[in-house]
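The lines below spell out each chain.
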Amino acid sequence: MEVPDAEWKKGSAELLVLSLLEDQPRHGYDISKAIEMRSGGALKFHVTSLYPLLHRLEEQQWIEGRWVEKAGQRRRRYYRLTAQGRKVLRSQQRSWLNFVAAIGRITGLENA
Amino acid sequence: MPDWNDLVRRRLAPLSLPPAEEAGLAEELSQHLEDRYRELLSGGTEEADAYEIVAAELDDTARLRRRAARPEMPPAGGPRSGSFGTDLARDLRYAFRTMRQSPLFVTFVVGTLALGIGANTTVFTVVNGLILNPLPVRDAARLVAVASAEVAGRSQSATPLPLSYPDLRDYRERNQVFSELAGYTSPRLVTLEERGATQSMFAELVTANYFAALDLTPASGRFFLSEEDSAPGAHPVAVMNYATWQRRFGGEAILGRTLRVNGLALTVVGVAPPGFIGVNAVFGPDLWIPAAMAEPLFPSTMRKVWIDRGQAAFFGVGRLRPGLTLERANSNMAGIAAALGREFPNIDQGRAATVRPIREAILATAGGPASSTIFFASAALLAVVGIVLLIACSNVANLLLARSAARRQEIAVRMAMGASRARLVRQMLTESVLLGLLGGALGVAAGYAGLRLVYGMLPGGANFAPPRLDATVFGFTLLLSLATGLLFGLIPAFKASSAGVAEVLKEEARTIGRSRRRVTLSSALLVGQVALSFILLITAALVLRSIGRAYQMDPGFQTAHLAVFTVSPGQAGYSKAQTRAFYKEVRERVAALPGIQSASWASNVPLWARPLSGIEVEGWQKRSQADTVRAIVNTVDVSYFETAGVALENGREFTALDRDTSAPVAIVNEKMARDYWPSGALGKRIRLPGETRMREIVGVARNANYTTWGEPPQACVYVPLAQNDSETMNLYIRTAHDPRLMMEPAERVVHAAGPMVLMMGQRTGREIVDGGLFQARVVVVLLTVFGLLALGLASIGLYGILAYSVARRRREIGVRLALGASRASVLRLIIGEGMTLVLAGLAIGFVTALAAGRLMSRMLYGVSASDPLSLAAAVAVLSAVALLACYLPARWATRVDPLTALRES
Numbered sequence: 060m061e062v063p064d065a066e067w068k069k070g071s072a073e074l075l076v077l078s079l080l081e082d083q084p085r086h087g088y089d090i091s092k093a094i095e096m097r098s099g100g101a102l103k104f105h106v107t108s109l110y111p112l113l114h115r116l117e118e119q120q121w122i123e124g125r126w127v128e129k130a131g132q133r134r135r136r137y138y139r140l141t142a143q144g145r146k147v148l149r150s151q152q153r154s155w156l157n158f159v160a161a162i163g164r165i166t167g168l169e170n171a
Numbered sequence: 070m071p072d073w074n075d076l077v078r079r080r081l082a083p084l085s086l087p088p089a090e091e092a093g094l095a096e097e098l099s100q101h102l103e104d105r106y107r108e109l110l111s112g113g114t115e116e117a118d119a120y121e122i123v124a125a126e127l128d129d130t131a132r133l134r135r136r137a138a139r140p141e142m143p144p145a146g147g148p149r150s151g152s153f154g155t156d157l158a159r160d161l162r163y164a165f166r167t168m169r170q171s172p173l174f175v176t177f178v179v180g181t182l183a184l185g186i187g188a189n190t191t192v193f194t195v196v197n198g199l200i201l202n203p204l205p206v207r208d209a210a211r212l213v214a215v216a217s218a219e220v221a222g223r224s225q226s227a228t229p230l231p232l233s234y235p236d237l238r239d240y241r242e243r244n245q246v247f248s249e250l251a252g253y254t255s256p257r258l259v260t261l262e263e264r265g266a267t268q269s270m271f272a273e274l275v276t277a278n279y280f281a282a283l284d285l286t287p288a289s290g291r292f293f294l295s296e297e298d299s300a301p302g303a304h305p306v307a308v309m310n311y312a313t314w315q316r317r318f319g320g321e322a323i324l325g326r327t328l329r330v331n332g333l334a335l336t337v338v339g340v341a342p343p344g345f346i347g348v349n350a351v352f353g354p355d356l357w358i359p360a361a362m363a364e365p366l367f368p369s370t371m372r373k374v375w376i377d378r379g380q381a382a383f384f385g386v387g388r389l390r391p392g393l394t395l396e397r398a399n400s401n402m403a404g405i406a407a408a409l410g411r412e413f414p415n416i417d418q419g420r421a422a423t424v425r426p427i428r429e430a431i432l433a434t435a436g437g438p439a440s441s442t443i444f445f446a447s448a449a450l451l452a453v454v455g456i457v458l459l460i461a462c463s464n465v466a467n468l469l470l471a472r473s474a475a476r477r478q479e480i481a482v483r484m485a486m487g488a489s490r491a492r493l494v495r496q497m498l499t500e501s502v503l504l505g506l507l508g509g510a511l512g513v514a515a516g517y518a519g520l521r522l523v524y525g526m527l528p529g530g531a532n533f534a535p536p537r538l539d540a541t542v543f544g545f546t547l548l549l550s551l552a553t554g555l556l557f558g559l560i561p562a563f564k565a566s567s568a569g570v571a572e573v574l575k576e577e578a579r580t581i582g583r584s585r586r587r588v589t590l591s592s593a594l595l596v597g598q599v600a601l602s603f604i605l606l607i608t609a610a611l612v613l614r615s616i617g618r619a620y621q622m623d624p625g626f627q628t629a630h631l632a633v634f635t636v637s638p639g640q641a642g643y644s645k646a647q648t649r650a651f652y653k654e655v656r657e658r659v660a661a662l663p664g665i666q667s668a669s670w671a672s673n674v675p676l677w678a679r680p681l682s683g684i685e686v687e688g689w690q691k692r693s694q695a696d697t698v699r700a701i702v703n704t705v706d707v708s709y710f711e712t713a714g715v716a717l718e719n720g721r722e723f724t725a726l727d728r729d730t731s732a733p734v735a736i737v738n739e740k741m742a743r744d745y746w747p748s749g750a751l752g753k754r755i756r757l758p759g760e761t762r763m764r765e766i767v768g769v770a771r772n773a774n775y776t777t778w779g780e781p782p783q784a785c786v787y788v789p790l791a792q793n794d795s796e797t798m799n800l801y802i803r804t805a806h807d808p809r810l811m812m813e814p815a816e817r818v819v820h821a822a823g824p825m826v827l828m829m830g831q832r833t834g835r836e837i838v839d840g841g842l843f844q845a846r847v848v849v850v851l852l853t854v855f856g857l858l859a860l861g862l863a864s865i866g867l868y869g870i871l872a873y874s875v876a877r878r879r880r881e882i883g884v885r886l887a888l889g890a891s892r893a894s895v896l897r898l899i900i901g902e903g904m905t906l907v908l909a910g911l912a913i914g915f916v917t918a919l920a921a922g923r924l925m926s927r928m929l930y931g932v933s934a935s936d937p938l939s940l941a942a943a944v945a946v947l948s949a950v951a952l953l954a955c956y957l958p959a960r961w962a963t964r965v966d967p968l969t970a971l972r973e974s
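In order, the protein sequences belong to chains A and B.
Here the first sequence is numbered in the working numbering, starting from 60 and rising by one per residue.
Here the second sequence is numbered in the working numbering, starting from 70 and rising by one per residue.
Keep in mind the hints are simulated off the structure, nothing from the lab.
We put the beta carbon where it would ideally sit given N, CA and C, even for glycine.
Just to be clear, a hint being listed does not mean it is correct.
As the list claims (entries may be wrong) - Cβ-to-Cβ under 10 Å is the rule here; a few derived chain B residues that face chain A:
(1) His101
(2) Asp156
(3) Leu157
(4) Asp744
Claimed, not checked - Pairwise CB distance ranges, derived in the manner of DEER restraints:
(5) Arg490/B <-> His105/A: 24 to 34 Å
(6) His105/A <-> Gly180/B: 41 to 51 Å
(7) Leu548/B <-> Glu128/A: 21 to 31 Å
(8) Glu479/B <-> Glu128/A: 29 to 39 Å
(9) Leu952/B <-> His105/A: 47 to 57 Å
Unchecked claim - From the derived model, a few chain B residues whose C-beta atoms are all more than 12 Å from chain A:
(10) Gly93
(11) Ala125
(12) Ala300
The shape of chain A in the complex, shown without the other chains (with noise of 0.2 Å):
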């Protein structure tokens, strides 16, 4: 598989992290880790990207970070989706299946 290339991995990044958040919440290395396993390598967030990126979700109030403190180790922001950020996941979900699916039927790459 060809690595995407910068301006596909911009656009979809969001969508990424919204929807790595949806099932539970997690912090920014777990975040970083999820998709690099689940992209098999081939998706990297470098950390100058990754947590200015979580930090303007939160603005948006999308996602909201919490502090957690766990015996015997230094405390971690998690952060967990919000009901706002359930709906734009969804139709952010939405679009891109469009978008894929668009892209399939003119390139014919659909079930390839």
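Keeping the supplied structure of chain A fixed, place chain B upon it in accordance with the hints.
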């Protein structure tokens, strides 16, 4: 485990994020990096490699900031340009952080500034105490000094003279301009007897309304009542100086206590407020005593002062009524003076009254006869320390220039991210002002240490105004620190922020320093430093040489084998006959001691005498009404001229045959003889003020220095002790060897002859000369200290700029070496570069020093301001130090390894 938080903070620092945001972000990022690092380690990566990989993730910190510029962020400028206060707080935080990263730089800068500011604080405090703020009384602006002056024709002599007590009383009663007019004498020496021992003290005679005129409140007890100055000798009371009370009497209960002063029992009725030591705010008395006590207190010198219109001993201080001007007061007083002149034509004719602001009068007394000297010295000292501070500033500016070169990339990044130039300049100025303030804080400490040093050099522990670090001084230092911070910060700040963003970002780090202009600017600063330190060194060398010359000058008396001390039998309550017998016994016994060649008495101590006016010269025509004959008058015993080493040119010495019953005689000096009797003085006659009979001149002595070292000749009259009784005299001893060894045996003789007689002021001839040259010696010490300080700072600056230049040109030097240049030629190259600057500075300093030489000449004894030896010495010292400062970086340059240097490129 590496400290990720620290790394992250350092990377975030240039972004100037709002504090809360930055803290959170740093914590998250460092946690992330730590996780990543652990993971790499557990995957088998070497520690060093893992660190490299993780740290690399932080490379593009600019992204962290970029988000701030997004449109969805809150508008109105965002956190970048909040209120002034927020910006300032952020700038300060940033400045502190930057400073923490370079402790060496900060130490050097703050230390340099502290020296410069400290020197200024010391000098300013002294000047402040002497000149700017001398009187701790309420509403000092309405206080005026009232004095007498001689009128010659239409012009009035500028020299204010004291008033007699009766005149003062008339002025007080007749004037319509003062709410109070009071009088005081200069501090006079008195003897305090306590538990069988004697100590010396100073007392001032004052009118009863003295403290009222100054509007003071006693610290304890009360001040004088008007009846206490109403009848001679009736009210033996005194008010004590607060410092004296604290120091001599330990602050214990003093009110109502009786002190035996000059044999008189005085009751202490009050204590003056702390900090007040009299109108002359530099040197003050221990006691204030009503003027009516003059006669019992000083039976011989001030016996009739309270009633005699001819004895002028009081200085007037008046408080102007509200709304009245100085002119009004002057014309009122002139009217009274004219009336007094008509009423008492013998004494008061040709006398005017002057009214001056009190500050002017204080300066006149503080500076002695030449009050401009104190101004000149103060101005010169302030200029000198100003120069030191300028050097310190330019040094720091140079350092900041070099450092801002290293920070250019950081600055460019910040500008790329939208920071305005004004904002950056402000940020950098915040840093430099902060440095300035830190330097100032340390400078106050240094300044206080300097003050202790200066006051330690004052002769005697007498009643001097203590150094005060008051609000004015703190204000001065604060302003100075702020100004300093702006001064050395402004140029580097503008230079650093003026570079084009794109240009700098494209530049390789290695080529940063190549800007020609910046080097030129630092060079100019450096040349200035060298010039300034050169001027200070020349000045120091000149004054040093001049003192050397001064010691070789002939003062007209011998100094090598002389000891003098003051003895005061009159104050021990001796009668006239007892005093005479005492003087005779002591002189004969001391002269008989082995190791002593001769001994005698004199009323004057060399270099402490003041001229007396009103001497009458028989047959001499006054050129005008107020024309008066002024001369030093010295009462001396037999064998004085031999003992003091004053040669007789003509006539004879005083002998035991000159008695109070024989014909009155006098000896005059050459100056007086030439001025009044060009055809020969012997046999001519004069009369001293207050004497009834004429004295015949029997001898002419050589001129000597009486008041100051190296003074122009003054007229002098010697009269025999047997014909002019005196309650205090100075014992002169001429010794065969070291005079210090003979002081104790002589003291024992005096003590045996009169156990209760006060002895003081023991000093050798050499010490008298030291005292006479005290001012000059202080100047030498200060100039040398400041000159060396300046030289040190300039050398460090020179070293710094050359070291920087060598670092910048490593590659060029490497190429030169690789192409076969010898190490010696590289050494020459670098030293030549530095010494060119030094020579330029020397040239400028030389020209300036020659131009300023005329200012200097009044402080120099027999040395021209362009004295070649002093110039040569200054050049030699400066060149030697500068050469060393150049040599170190130059040697460093020769050790550049061509291979390494080239590979770096």
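Hints versus structure:
1. His101: holds, 5 Å
2. Asp156: violated, 22 Å
3. Leu157: violated, 26 Å
4. Asp744: violated, 95 Å
5. Arg490/B <-> His105/A: 24 to 34 Å: The hinted range 24 to 34 Å holds for Arg490/B and His105/A, with Cβ atoms some 31 Å apart.
6. His105/A <-> Gly180/B: 41 to 51 Å: holds, 43 Å
7. Leu548/B <-> Glu128/A: 21 to 31 Å: violated, 50 Å
8. Glu479/B <-> Glu128/A: 29 to 39 Å: holds, 35 Å
9. Leu952/B <-> His105/A: 47 to 57 Å: holds, 54 Å
10. Gly93: Gly93/B not clear of chain A: closest Cβ-Cβ about 7 Å, inside 12 Å.
11. Ala125: At about 10 Å from chain A, Ala125/B fails to clear the 12 Å cut-off, so the statement is violated.
12. Ala300: Holds: least Cβ distance 90 Å, greater than 12 Å.
Checked against the numbered hints given earlier, the structure breaks hints 2, 3, 4, 7, 10 and 11 and satisfies all the rest.
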